[in-house]
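J.: Following the numbering used here, the numbering of the sequence shown begins with 1 at its first residue and continues without gaps.
Fair warning: there could be bad hints in the mix.
What follows is a list of derived Cβ distance ranges for each label pair [unchecked claim]:
no., residue 1, residue 2, range
1, Gly51, His121, 36 to 44 Å
2, Trp139, Gly51, 48 to 56 Å
3, Cys41, Thr126, 17 to 25 Å
4, Arg177, Ala16, 12 to 20 Å
5, Asp48, Thr168, 22 to 30 Å
6, Arg134, Thr168, 13 to 21 Å
7, Arg152, Arg107, 18 to 26 Å
8, Glu135, Pro79, 40 to 48 Å
9, His37, Arg142, 40 to 48 Å
10, Glu39, Ala105, 18 to 26 Å
Everything labelled a hint here was simulated from the structure, so no lab data went into it.
Only a predicted model underlies this, so the values are computations on that prediction, with no experimental measurement involved.
Backbone N, C-alpha and C define an ideal beta-carbon position, used for all residues, glycine too.
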Amino acid sequence: MTPTPSPRVAILFATAQGSTRDIAEFIYEELMSRGAHAELCDIEHAPDLTGVGTVVIGSAIHNMDLLPGADAYIRHNLPTLTGKDVRLFTVGLGPALRGPVGRWAGRQIPRKIAAVLGMLHPRDYTAFAGKYEREGVSWRARAMYRLLGGARYGDLRDWDAVRRWAGTIADSLELPRSSTIDTAHP
């Protein structure tokens with residue numbers, strides 16, 4: 001019996017300050033540890049998707065929209081992406097908000113991102129929190145962040161949530177479970 005070849009996965013990211021790249025790298029490492037043949041690229045230097053079965057696209061959210069590079073890539077490559085198993089993740093503040101208003105606001109998908117989801121029809125979409133540094137943020141933005149339930153600044157990423165999401169991708173690709181347990185995160 002011939003072994004099944006490892007699924008080919010392209011993990012593409014658009015980042016502004018590095019959080020999205022870090023999350024994409026983490027997903028890449030998780031999939032590689034499970035036996036996927038994966039490629040990690042900045043979306044500005046995305047590879048040819050011929051032979052790639054699964055495409056994971058990540059983008060930071062700025063002004064309630066994907067970064068321009070991610071949006072342009074998706075729109076330009078929509079015919080190719082339509083025939084692929086596409087997963088999309090975004091990185092912003094929403095998932096880090098607390099309190100009743102913050103949790104509600106954090107679950108809302110911004111209109112521009114909803115439009116991309118409606119066009120792309122990814123198999124899965126999730127939002128992760130990123131980093132939010134107080135330095136350089138206007139007092140108005142800080143006040144709005146507090147009103148919406150922003151409790152702290154710094155690294156707000158939930159690495160367990162990222163690991164779980166990467167695990168669902170690996171499971172759907174029928175990749176074997178890793179024999180080592182790595183509880184560390186970046």
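J.: Does each hint hold? Answer for all of them.
T.: Taking the hints in turn, this is what the structure says about them:
1. Gly51 - His121: 36 to 44 Å: violated (21 Å)
2. Trp139 - Gly51: 48 to 56 Å: The hinted range 48 to 56 Å holds for Trp139 and Gly51, with Cβ atoms some 51 Å apart.
3. Cys41 - Thr126: 17 to 25 Å: Roughly 20 Å apart at Cβ, these two residues keep to the hinted range, so it holds.
4. Arg177 - Ala16: 12 to 20 Å: Violated: the Cβ-Cβ distance is about 34 Å, outside 12 to 20 Å.
5. Asp48 - Thr168: 22 to 30 Å: Holds: the Cβ-Cβ distance is about 26 Å, inside 22 to 30 Å.
6. Arg134 - Thr168: 13 to 21 Å: Since the Cβ atoms of Arg134 and Thr168 sit about 33 Å apart, the hinted range of 13 to 21 Å is violated.
7. Arg152 - Arg107: 18 to 26 Å: holds (20 Å)
8. Glu135 - Pro79: 40 to 48 Å: This hint holds: roughly 43 Å between Cβ atoms.
9. His37 - Arg142: 40 to 48 Å: The hinted range 40 to 48 Å holds for His37 and Arg142, with Cβ atoms some 44 Å apart.
10. Glu39 - Ala105: 18 to 26 Å: Taking Cβ atoms as reference, Glu39 and Ala105 lie about 35 Å apart, which means the hint is violated.
In terms of the numbered hints stated before, the structure departs from hints 1, 4, 6, 10, listed from lowest to highest.
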